[in-house]
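Enquirer: Model the full assembly from the supplied sequences, consistent with the hints where possible.
There are 2 protein chains.
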Amino acid sequence: MAVQVTESPKGTAVPTAPVTPAASGPVDLGPAAALSCRECGQRFDLGPIFACAECFGPLEVAYDLPTGDPHALRQRIEAGPNNIWRYAPLLPVPADVAAKPNLNPGLTKLVQADRLARELGVTGGLYVKDDSGNPTHSFKDRVVAIAVEAARAFGFTTLSCSSTGNLAGAVGAAAARAGFRSCVFIPHDLEAGKVVMAAVYGGELVGIEGTYDDVNRFCSELIGDPLGEGWGFVNVNLRPYYGEGSKTLAYEICEQLGWEIPDQIVIPVASGSQLTKIDKGLKELIKLGLVEDKPYKIFGAQAEGCSPVSRAFKDGHDVVRPVKPDTIAKSLAIGNPADGPYVLDIARRTGGAVEDVNDEQVVEAIKLLARTEGIFAETAGGVTVGVTRKLIESGQLDPTLTTVVLNTGDGLKTLDAVAPTTGPTATIKPSIDAFRAAGLAS
Amino acid sequence: MAVQVTESPKGTAVPTAPVTPAASGPVDLGPAAALSCRECGQRFDLGPIFACAECFGPLEVAYDLPTGDPHALRQRIEAGPNNIWRYAPLLPVPADVAAKPNLNPGLTKLVQADRLARELGVTGGLYVKDDSGNPTHSFKDRVVAIAVEAARAFGFTTLSCSSTGNLAGAVGAAAARAGFRSCVFIPHDLEAGKVVMAAVYGGELVGIEGTYDDVNRFCSELIGDPLGEGWGFVNVNLRPYYGEGSKTLAYEICEQLGWEIPDQIVIPVASGSQLTKIDKGLKELIKLGLVEDKPYKIFGAQAEGCSPVSRAFKDGHDVVRPVKPDTIAKSLAIGNPADGPYVLDIARRTGGAVEDVNDEQVVEAIKLLARTEGIFAETAGGVTVGVTRKLIESGQLDPTLTTVVLNTGDGLKTLDAVAPTTGPTATIKPSIDAFRAAGLAS
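These protein sequence lines map, in sequence, to chains B and D. Read in UniProt numbering, the first sequence has 32 at position 32, and its numbers run on one by one without any break. Read in UniProt numbering, the second sequence has 377 at position 377, and its numbers run on one by one without any break.
No lab work stands behind these hints: they were computed from the structure. The structure presented is a predicted model; accordingly, all values stated were derived computationally and were not measured.
The list treats identical chains as interchangeable, and a pair is accepted whether it falls inside one copy or across any two copies.
35 angstroms max Cα-Cα, derived DSBU-like pairs, lysine-lysine:
1. Lys314 / Lys294
2. Lys100 / Lys283
3. Lys294 / Lys283
4. Lys324 / Lys283
5. Lys390 / Lys100
6. Lys283 / Lys314
Expert: Have a look at this one:
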């Protein structure tokens with residue numbers, strides 16, 4: 001195998017990642033045993049593939065999960081690092097993953113939101129899982145962290161993705177830290193602030209003259225071209241591994257609740273992958289005996305301007321009809337969500353629902369969360385909090401049960417959403433008289 | 001004592017914080033025993049005061065620190081929550097602090113920065129203490145969290161401050177979470193983005209027609225006025241408590257290094273308070289036997305455009321001559337740093353130094369940290385990394401020793417600093433030919 005060498009500061013040659021993908025040989029991804037097709041069940045060797053060769057269904061990771069005493073496994077997890085690698089025995093990563101350079105996301109705060117609960121009338125316990133605490137301030141750090149380890153195992157040297165926001169920064173940062181080259185593709189007319197967030201990590205950042213769809217189409221072409229050899233596209237040819245990162249949200253929520261599954265979870269739906277993987281994670285915890293088996297309800301949250309799954313849920317359809325997104329919740333604006341049918345299935349099977357709120361309600365909910373709990377959420381967090389309120393009002397979510405609401409991103413990245421309606425209470429001259437006149441001294 | 005009541009969702013009256021400050025009675029702030037003057041040593045009862053009645057010197061918290069087996073204390077700390085409250089026995093907070101609503105900052109990552117170390121030629125171990133992981137993404141969450149508990153103890157109902165940036169958001173968020181009213185004063189012409197970050201938490205935000213100095217002068221007036229009764233200004237009448245929050249940086253760094261003091265620490269200098277409190281924290285750890293006593297060197301980092309302490313250090317002066325700040329590192333732009341003389345003393349006593357870098361070097365250092373470690377730092381982080389490089393080049397910092405560099409804030413808040421020089425590598429049409437022509441496919 002060809003090995004790339006670089007000069008260390010002392011002038012000695014040190015090996016870095018190999019140049020050619022080593023996908024043909026056996027790879028060590030811990031408990032990951034194979035890839036299996038979610039549609040037909042066909043199994044494949046672990047490798048950088050993402051669609052079933054038989055039926056074109058999506059592939060996901062199948063595991064040989066640890067057997068034995070659940071208490072011992074709990075203790076092992078609790079003694080692990082303060083990040084997602086504490087769950088390495090349940091993830092497609094090698095056992096020594098914590099020793100490799102990675103951004104080490106996860107173990108973000110599960111905030112007991114008593115003041116928000118009072119506003120919403122929740123009496124059974126309300127918690128916000130706040131993923132703005134991740135290294136680049138969104139849940140994408142979780143999925144990218146797993147993709148990085150898969151890329152390492154397969155011998156890729158470049159990390160790539162198409163993105164209009166959170167993912168670009170997460171990939172750029174993770175690649176920098178892990179010592180990969182990165183090349184991220186964005187629509188050429190992205191807002192200046194987002195370009196800076198994606199470019200600052202020093203990887204290649206390529207503006208594509210076209211829409212986001214054009215960017216995606218180009219990336220698919222590149223994967224099939226010799227030019228793309230050695231490239232791991234985190235959400236394409238590494239997608240089966242990448243997606244598993246979302247399971248850690250389920251693990252953390254349960255561990256942080258004292259190894260208990262909450263009664264209800266409200267999850268944002270973009271592609272739907274996150275919701276399906278959280279469900280997968282909960283089922284694993286039950287199977288392993290790490291938590292007691294109990295019923296739980298999973299709710300999906302969308303923005304009205306991009307609500308194909310919510311629409312299908314309400315209409316009682318199994319098929320999700322694509323839409324053209326038009327919402328301020330850009331991180332959820334996937335008009336043709338790949339995992340939409342699975343989301344419908346999980347919401348219906350667990351007795352949950354999929355609901356949507358309009359942009360005005362998103363902004364109101366962002367502000368509600370900020371003024372009650374001091375959490376400044378991205379628009380996606382406004383969607384979940386707003387949907388939670390709506391589900392309580394409609395009686396679909398039971399306020400007497402324990403409820404966890406996800407905030408998957410950071411308000412600093414979507415300032416524009418709240419800027420028009422967020423400003424100073426007053427502007428005054430620097431004098432006590434002026435302050436008294438403003439009537440703010442209560 | 002008057003107690004304010006509010007309506008709970010169920011219509012029953014629930015007591016909240018008392019209206020009148022209870023500063024006269026004894027307060028429970030854990031191991032905090034008194035306030036003592038840093039100049040003349042005079043002691044005062046714990047209360048919302050900040051200057052010595054004898055000599056006008058600054059007051060700081062004096063403790064009755066825990067005695068006994070250091071191993072037991074270590075274990076107690078290690079079993080504590082994953083935030084600054086694990087150090088409650090060493091902070092001016094009640095023993096049950098972790099049960100009160102607070103943003104619970106701290107235990108941010110200490111990143112082993114091997115790739116940055118290679119670029120800088122550090123062989124003794126280089127670590128970045130990354131405080132962008134705090135709830136509002138700056139170290140200010142630490143100091144405000146302590147001020148909140150002091151405000152609670154003194155019966156204040158409004159939290160306030162003057163600010164041009166990080167502090168406004170930290171106070172707004174902490175007040176929201178803890179159930180205080182907040183009223184934050186800012187210069188009226190602050191950038192729109194910063195206004196949103198300060199206003200989104202729903203407290204009062206007052207623009208003052210004048211400069212930042214005018215804002216400060218107005219706040220000092222307000223503290224002395226009956227209108228300001230019941231108000232805790234976190235960095236004025238609560239300053240002695242507030243400042244103690246920075247000690248937690250010292251505690252965490254040492255615990256994260258396996259209860260060892262690093263040989264060298266590079267700390268940004270604005271007012272100088274953070275640096276002096278980190279030194280205080282290290283001395284406490286030694287006194288308590290939590291770490292072994294050993295020599296350590298403390299380095300202060302400033303931006304050239306606001307470098308009064310660095311200037312005094314180089315000139316061999318004990319007095320810091322005020323300057324008019326002109327730098328992109330706005331979070332460090334304090335032209336007349338209150339703790340400047342103490343910083344000089346600590347740097348000289350420990351064998352460290354105070355150095356400065358220009359704005360261009362700040363931007364270069366932000367990018368260096370981003371592309372080596374995936375950490376997008378605020379300008380203050382560019383200052384510390386830039387100064388570290390400069391100190392190594394001049395031989396003042398020993399690259400063979402263990403070194404910790406602080407990043408105290410988040411690049412998302414100072415995008416303007418890097419925007420002019422950070423953009424796409426290329427812009428191309430969505431075709432393989434165009435990509436090949438761009439020469440990025442290596």
